[in-house]
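**Q** Take a look at the letters that make up each chain.
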Amino acid sequence: QKEVEQNSGPLSVPEGAIASLNCTYSDRGSQSFFWYRQYSGKSPELIMFIYSNGDKEDGRFTAQLNKASQYVSLLIRDSQPSDSATYLCAVNYGGSQGNLIFGKGTKLSVKP
Amino acid sequence: DTEVTQTPKHLVMGMTNKKSLKCEQHMGHRAMYWYKQKAKKPPELMFVYSYEKLSINESVPSRFSPECPNSSLLNLHLHALQPEDSALYLCASSPYWDRGFRAGELFFGEGSRLTVL
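From first to last, the protein sequence lines are chains A and B.
Each residue of the first sequence is one higher than the last, beginning at 7 in this note's numbering.
Each residue of the second sequence is one higher than the last, beginning at 2 in this note's numbering.
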């Protein structure tokens, strides 16, 4: 069974710190990985996607992928209270069909 | 602001009612999705339409009936639902269907929150 695992948290960090969110997946054949942010009562919105081993940076966000370890992470630098949300890791098991399996999400709280 | 519009935002229905959820997008995306999300749980895929044809049905009970009248519109018809079907129903679209690694990049609507009494 294909699974995506995340620590549900809550993860609490002070404002200005680095928040580190982690995700593991079960299917070694998975090729693309997504981080979605979901504010309470709102719909998910895409933060980043990654499909090559290594790091990918976009502003304050860095996604990291290690396919050998089946591990994906998201780093948020200079965390702001507005980053407080649930972060969903999603793995595309459907190839070009975009069939995502979501992890349960990590709730991040950034304290002023 | 999301460019995927869902109506109604809230719906309360009895177990014998028939109702529909509606989703619209005018971004020219050729794939549209229905996801179900229960409280404090991740979204779960229900259906995918690509080029107006049903491509994926994740073994959803027949009391949920999807319809894609055209490339911009997606409906979810509801009949004889159970209280455990109460959830947030999310519609999403994607321009990346059948386009490799970005195929999981979805644009979500705000959702329709359904309560079944």
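No lab work stands behind these hints, which were simulated from the structure alone.
Be careful, since some hints might not be right.
Stated by the list, open to error - For lysine-lysine, the following BS3-like pairs were computed, each having C-alpha atoms within a straight-line distance of at most 25 Å:
{"id": "1", "chain 1": "B", "residue 1": "37", "chain 2": "B", "residue 2": "10"}
{"id": "2", "chain 1": "B", "residue 1": "19", "chain 2": "B", "residue 2": "37"}
{"id": "3", "chain 1": "B", "residue 1": "19", "chain 2": "A", "residue 2": "110"}
{"id": "4", "chain 1": "A", "residue 1": "8", "chain 2": "B", "residue 2": "10"}
{"id": "5", "chain 1": "A", "residue 1": "48", "chain 2": "A", "residue 2": "110"}
{"id": "6", "chain 1": "A", "residue 1": "8", "chain 2": "B", "residue 2": "20"}
{"id": "7", "chain 1": "A", "residue 1": "8", "chain 2": "B", "residue 2": "41"}
{"id": "8", "chain 1": "B", "residue 1": "23", "chain 2": "A", "residue 2": "48"}
{"id": "9", "chain 1": "B", "residue 1": "20", "chain 2": "A", "residue 2": "48"}
{"id": "10", "chain 1": "B", "residue 1": "41", "chain 2": "B", "residue 2": "10"}
{"id": "11", "chain 1": "A", "residue 1": "110", "chain 2": "A", "residue 2": "8"}
{"id": "12", "chain 1": "A", "residue 1": "48", "chain 2": "A", "residue 2": "117"}
{"id": "13", "chain 1": "B", "residue 1": "20", "chain 2": "A", "residue 2": "110"}
{"id": "14", "chain 1": "B", "residue 1": "19", "chain 2": "B", "residue 2": "54"}
{"id": "15", "chain 1": "B", "residue 1": "20", "chain 2": "B", "residue 2": "10"}
{"id": "16", "chain 1": "B", "residue 1": "54", "chain 2": "A", "residue 2": "110"}
{"id": "17", "chain 1": "B", "residue 1": "20", "chain 2": "A", "residue 2": "113"}
{"id": "18", "chain 1": "A", "residue 1": "8", "chain 2": "B", "residue 2": "42"}
{"id": "19", "chain 1": "A", "residue 1": "113", "chain 2": "B", "residue 2": "23"}
{"id": "20", "chain 1": "A", "residue 1": "110", "chain 2": "B", "residue 2": "10"}
{"id": "21", "chain 1": "B", "residue 1": "39", "chain 2": "B", "residue 2": "19"}
{"id": "22", "chain 1": "B", "residue 1": "37", "chain 2": "A", "residue 2": "110"}
{"id": "23", "chain 1": "B", "residue 1": "19", "chain 2": "A", "residue 2": "8"}
{"id": "24", "chain 1": "B", "residue 1": "37", "chain 2": "A", "residue 2": "117"}
{"id": "25", "chain 1": "A", "residue 1": "113", "chain 2": "B", "residue 2": "54"}
{"id": "26", "chain 1": "B", "residue 1": "54", "chain 2": "B", "residue 2": "41"}
{"id": "27", "chain 1": "A", "residue 1": "48", "chain 2": "B", "residue 2": "54"}
{"id": "28", "chain 1": "B", "residue 1": "23", "chain 2": "B", "residue 2": "41"}
{"id": "29", "chain 1": "B", "residue 1": "20", "chain 2": "B", "residue 2": "37"}
{"id": "30", "chain 1": "A", "residue 1": "113", "chain 2": "B", "residue 2": "41"}
{"id": "31", "chain 1": "B", "residue 1": "42", "chain 2": "B", "residue 2": "54"}
{"id": "32", "chain 1": "A", "residue 1": "117", "chain 2": "A", "residue 2": "73"}
{"id": "33", "chain 1": "B", "residue 1": "42", "chain 2": "A", "residue 2": "117"}
{"id": "34", "chain 1": "B", "residue 1": "41", "chain 2": "A", "residue 2": "48"}
{"id": "35", "chain 1": "A", "residue 1": "73", "chain 2": "A", "residue 2": "62"}
**Q** Which of the listed hints are not met by the structure?
**A** 3, 4, 6, 13, 16, 17, 19, 23, 24, 25, 26, 27, 31, 32
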